Every structure is written in C-alpha cells, then in structure tokens.
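Student: These protein sequence lines map, in sequence, to chains A and B.
Each residue of the first sequence is one higher than the one before, starting from 306 at the first, in the working numbering.
Each residue of the second sequence is one higher than the one before, starting from 1128 at the first, in the working numbering.
Calculated directly from the structure, the hints in this document are not laboratory data.
Please note: incorrect hints may appear among the correct ones.
Below, simulated DSS-like cross-link-like pairs (lysine-lysine); rule was C-alpha separation at most 30 Å, straight line [what the hints assert, rightly or not]: (1) A:519 <-> B:1175; (2) A:519 <-> B:1135; (3) B:1175 <-> B:1163; (4) A:519 <-> A:321.
To be clear about the criterion: a stretch of chain B counts as covered by chain A if any three or more of its residues have a C-beta under 8 Å from a C-beta of chain A, and this derived list gives those stretches [stated by the list, open to error]: (5) 1184 to 1190; (6) 1194 to 1208.
Keep in mind that this is a model prediction, so the values were computed, not measured.
Note that CB positions come from ideal geometry on N, CA and C, so glycine has one too.
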Amino acid sequence: MHAVGEHDVRLLFGLKVNFDTLMMSWLTIAVLGIICLIAFLFRYQKVSALSLKANQLLGGKRARYFTWAVLLTILITNFLGLITDSTAYWCIAALLLLMLILHGHELQGALEALYKFLKNMVAENMPPAAQSSFNFIATMFIFILFSNMVGLLPIEGFKSPTADVNVTIGLALLVLGATIYYGCKVRGVKEYLLSFFQPNVVFFPVHLIDLLVKPISLAFRLFGNIFAGEVLLMILYYLVPVAVPTVWIAVSIFIGVIQAYLFAMLSIAYISSATNH
Amino acid sequence: MAGDVIVKIVSLIVVGVVSSIAALTAGFANSNVAAKAVESMARQPEAKQSIFSTLLIGCGLVEATPIIALVVALLLLFANPFVQ
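Put together the whole structure using the sequences plus the hints.
Tutor: See below:
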C-alpha cells in the first residue's frame, strides 16, 4: 500500500502546493463544465430513437430499465479492484457514452431540479437581505458534491480534492468571510462589531470563539468523512478486491451527498444567524 | 529495544483505543438522534420530510468529532510522524 496521507508537493509561483489536489480540483471543475456544456447542447432534443429502442427491448417499463441499470452497475463495480489502468479509463468512457446516448435529453431537467432544490433551500432559510448569497452557496454545494464523488472512480491516482485538509479549510475560510460580510452588509459594520460586546464586554471572547470555531468544525467534518472513506476504500481494494468495495462505494456516495448538503445547510445557518441576531 | 519499536507498539495500542472510543461515542450519539427523530415522526407523520432532513443534519453534526478522532487514529497508523 503506498503512502496514504502523502501529497505531491511542488513549487508554484514560489509557494508550495499539493499539486495532485490542485489537478484533481481542476478536473472536478472541468467535469462540471463538460456536464453543463452537454446539457446545453442536448437541451431541446427529443427522446432519441436509440433510447426508445433500448426501453422497448427491456420490456417497455421505466422501472425495469432502472433495475437493469442498477444490476449492471453493481456487476461492473464488483470487479473494480481487479481493473488495471487503461481498462478503467475505457470502461468509464464507455459507460459515460452509453449514458449520454440513452439519457442525454434528461440532463437539462436534472440540472434544473438541482437548481430549484438549492434555490428553495436558500429562500426558505435566509432573510431576504441575504438572498444574494445564493450564488456562493450553490457553487460551494455543487463543487463539494462533485469533488466527493471524483475520488471513488477506480482510476489510479484519483482522489477527492476534499480529502485534502487545505481544500476544506479554504472553503471554511470562505464561509467565515461570507458570515462577516453578510453580517456587516445587513446590520451595518458598527452594529455588527458592537454585537460582539452585546450582553457585556466580558462576552467578547465567547463570541469570537463562536465565530471562529464553527467554520473550522465544518472543515474538519468534511475532511474527516471523505478522507477516512478513501483510506478505507484503499484498504478494501488491497484486502478484498472483489465485491466488497462495491458496498463501501455505495456508502461513500451516500455520505458524500449528505456531507455536501450538510456543509451548505450549516453555512446557510451561520450566515443567517449573523444577519438577524 | 530501539526507541522506534516502542513508538510503533504504543501507537498501535493507541490506535485501537482511540478507534473503539470513537465508534462507541458515535454509536450512542447517533442512536439518540435517530430515536428522537423516529419518535417525532410517529407523533406527526405529515412532517416526515422535514424531520428526515433534520435527522440527516443532526447525524452529520454529531458524527463530526468521532470522525476527527478516527482521522487522528488513521494518521497514527499510516502516516505516523514519529516513525522514520
């Protein structure tokens, strides 16, 4: 088993960066861009003839189609631990091409559902003055969601950007900045700064620590979940390459979605509590 | 015995202790949250969706600290800074 917490450190503009994490986060952004581009290109397509034919071949009901797709995915992922480099690339490329041909017309609908879900989440939980943070929250949610998933692909050298503590602390610092910004914007700088001394001057350390600890806990929660999941996945590939990593990949997908939702929800809670105390 | 071997033995024991305490705490905490959620869902079934998402948020919050403990144990096991 090669080193677990080790990063490829290089100098970039005079600063040391974890270059593998940098490349993986660029890859996540590229994947998101490609998905949006494909949804845009396929936006007004009708259901393709191939998709109708596949549906007809498999008995004509959507539920049966879905069951076959799930069984096929489980069958393929059972043997992920035995796939070597280039076959993993070809397998994933073939799967993506197949999904594109059969479901490309639904991609825009899926992205619109995601947008509506996020818009609802922000609209319900934030005061009207802080609604402009929707862009920030939505971008963060989608970035965390996709970067939690990227580390689960069987390609050698792929690991989630959020499995690096620097990335999650960076996101938490963004949330801290957003908290202070929206607190100052909605309540005025003087009133926001005075609220730190509010019941009594003695409460200043309490409020300060409260302000600083919440984003740090966000960072370490996300990092711990994703990093521990990936370490366990690596151990399972080493011990039992067949069938058992499939279960852990399924659990890891679930945990990735939950942690992205939790990060977004908690940052919404922190921003809205900074605006209406 | 060389100092390196003592560090390895002690960190191995500590990994076991820390992981089991983290698992114990996570189990008790999550079961409390889930029990209260199930009870309130039974009391008011039409609020099921809202209670379910609060359940997920609660589980994510209470599992944060045991997972940080687990990451400390994993660091001692795989990337121990006191060895080599």
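Student: Within a Cα-Cα threshold of 30 Å, do residue 519 of chain A and residue 1175 of chain B meet the stated pairing?
Tutor: 28 Å, holds
Student: State whether the coverage of the segment 1184 to 1190 of chain B by chain A holds or is violated, taking the criterion as 3 or more residues with Cβ-Cβ distances under 8 Å.
Tutor: n = 5 at 8 Å, threshold three: holds.
Student: Would you check the hint for residue 519 of chain A and residue 321 of chain A, treating anything up to 30 Å between C-alpha atoms as holding?
Tutor: 27 Å, holds
Student: Residue 1175 of chain B and residue 1163 of chain B were given as a pair; does the straight-line alpha-carbon distance stay at or below 30 Å?
Tutor: 13 Å, holds
Student: Holds or violated: the segment 1194 to 1208 of chain B covered by chain A, criterion of 3 or more residues with Cβ-Cβ distance under 8 Å?
Tutor: This one holds; 8 residues, not fewer than the three required, reach chain A with a Cβ under 8 Å.
Student: With the threshold set at 30 Å, check whether the alpha-carbon distance from residue 519 of chain A to residue 1135 of chain B stays at or below it.
Tutor: 35 Å, violated
Hint violations for this structure: number 2 only, all remaining hints satisfied.
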